[in-house]
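Colleague: Sequence:
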Amino acid sequence: MNIITRYLLRAFLGPLLLCFVCFNAIYIIFDLFGHINKFIDLDASAFTILMYYGGLLSMYSHWFIPASCMLATLYTMWQLSRHSELTALRASGVSFLKLTAPFLAVALCASAATLLNSELITPTASVWSDQFRESNLGVGYNTRLKTKMRYVDLTTTDTWTFDLADASNERTMAKPTGAVSIERKLADEGAMWELRADRAEFLDGAWWFWNPREYNYTIDDMGGGKPEYGAASSAPILPTPMRALALTPRDIVLDSREWDFFSLSDMRRYLRAGKKSEPGDWHEYYSRLVAPWACVVITIFAIPAGISTGRQSMIKGVILALGSFFGFYALTLGMGFLGNQNLISPPLAAVFPSLVFLAIGAVSFRRLI
Numbered sequence: 509m510n511i512i513t514r515y516l517l518r519a520f521l522g523p524l525l526l527c528f529v530c531f532n533a534i535y536i537i538f539d540l541f542g543h544i545n546k547f548i549d550l551d552a553s554a555f556t557i558l559m560y561y562g563g564l565l566s567m568y569s570h571w572f573i574p575a576s577c578m579l580a581t582l583y584t585m586w587q588l589s590r591h592s593e594l595t596a597l598r599a600s601g602v603s604f605l606k607l608t609a610p611f612l613a614v615a616l617c618a619s620a621a622t623l624l625n626s627e628l629i630t631p632t633a634s635v636w637s638d639q640f641r642e643s644n645l646g647v648g649y650n651t652r653l654k655t656k657m658r659y660v661d662l663t664t665t666d667t668w669t670f671d672l673a674d675a676s677n678e679r680t681m682a683k684p685t686g687a688v689s690i691e692r693k694l695a696d697e698g699a700m701w702e703l704r705a706d707r708a709e710f711l712d713g714a715w716w717f718w719n720p721r722e723y724n725y726t727i728d729d730m731g732g733g734k735p736e737y738g739a740a741s742s743a744p745i746l747p748t749p750m751r752a753l754a755l756t757p758r759d760i761v762l763d764s765r766e767w768d769f770f771s772l773s774d775m776r777r778y779l780r781a782g783k784k785s786e787p788g789d790w791h792e793y794y795s796r797l798v799a800p801w802a803c804v805v806i807t808i809f810a811i812p813a814g815i816s817t818g819r820q821s822m823i824k825g826v827i828l829a830l831g832s833f834f835g836f837y838a839l840t841l842g843m844g845f846l847g848n849q850n851l852i853s854p855p856l857a858a859v860f861p862s863l864v865f866l867a868i869g870a871v872s873f874r875r876l877i
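Position 102, counted from 1, in the sequence shown is what our numbering calls 610; the numbers after and before it change by one each time, with no gaps.
Be a bit skeptical, because a hint or two may be false.
Dumping the calculated BS3-like pairs for lysine-lysine here, alpha-carbon to alpha-carbon at most 27 Å [unchecked claim]:
hint: 1; residue 1: Lys656; residue 2: Lys784
hint: 2; residue 1: Lys784; residue 2: Lys693
hint: 3; residue 1: Lys783; residue 2: Lys693
hint: 4; residue 1: Lys656; residue 2: Lys693
hint: 5; residue 1: Lys683; residue 2: Lys693
hint: 6; residue 1: Lys783; residue 2: Lys683
hint: 7; residue 1: Lys683; residue 2: Lys656
hint: 8; residue 1: Lys546; residue 2: Lys683
Computed spacing ranges between beta-carbons, pair by pair [claimed, not checked]:
hint: 9; residue 1: Thr667; residue 2: Gly831; range: 54 to 62 Å
hint: 10; residue 1: Asp671; residue 2: Trp571; range: 39 to 47 Å
hint: 11; residue 1: Thr667; residue 2: Lys546; range: 35 to 43 Å
Everything labelled a hint here was simulated from the structure, so no lab data went into it. Just so you know, even glycine gets a beta-carbon here, dropped at the ideal spot from N, CA and C.
Input sequences plus hints: build the corresponding full structure.
Modeller: Have a look at this one:
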């Protein structure tokens, strides 16, 4: 890495990190105003508070990171142009593409980080934070299901009943507490089959049942209630693998989870399976798909925009920066509304803001080469 590249990276990374920290700090400050008394009453540790805000902020990274890239690029290019550093570098034989390569490389890394965050961190961390809010702060989506639970497998129409289960994540769902039963309607009219176990655990890709018992009865038999179950065994019994059961803890977790907490891959699987079909669901999926690459798109737009503001007064530069910032997100929200209402196709609604800014940036960028 030569001296010029290191200099440009230092000039860009400082404002980028500052913008990102400021966006997160503003969110934390506003949230703390409403919940600081509850944190004090709970005697929450600093680590718990950090975990809580880390999970919440991971949900908004696909907004904060592109916005930080835009403002940092506008500011850096404005500074370099205002002090004639770009002119001096180009006069010394450095091409415009080489000058802007560090900014585009950082934007590409930011896009990759945004994508990895939405796939690997947000689905777990945001659920934990929402559980904390719901159970301790009194707000949230109520994703915690640590209670008696009934689940209908739409694929097989089996009805599972767990005495006590937590469907917030795969690890807890794989170890439900207490007895587990499965009810299934048989081909014969009114015939029922039920499997009951003292407890169950999902291990090595299969459910393992302790002391499983099978029961066959008909709907008519239920006039006086279900048949009596065999007594739970008090002696240690080796678990029995039930490999014919295709249901997994992940299926239960996803069916119990709000759409906002799905990863991109889980969204795609649900949409293809037809479990989600509303226009808003499709728009959310395409928005998640496009969101990480907004870092690159708005950086391409911001490079020539920042250079042009460097040749003008500071007031005009600030107005252009704020206008570009709010313009991109206003267009995103507006197209999101149209896509959710199915007034335009969800894919077009998700990609249109990026296409507009990419087209403007590409034309302006080409003129500077």
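Colleague: If a hint holds in the structure, say so; if it doesn't, say that too.
Modeller: Now the hints, each set against the structure:
no. : hint                        : in the structure
1   : Lys656 / Lys784             : 25 Å, holds
2   : Lys784 / Lys693             : 26 Å, holds
3   : Lys783 / Lys693             : 22 Å, holds
4   : Lys656 / Lys693             : 22 Å, holds
5   : Lys683 / Lys693             : 26 Å, holds
6   : Lys783 / Lys683             : 25 Å, holds
7   : Lys683 / Lys656             : 14 Å, holds
8   : Lys546 / Lys683             : 31 Å, violated
9   : Thr667 / Gly831: 54 to 62 Å : 56 Å, holds
10  : Asp671 / Trp571: 39 to 47 Å : 41 Å, holds
11  : Thr667 / Lys546: 35 to 43 Å : 38 Å, holds
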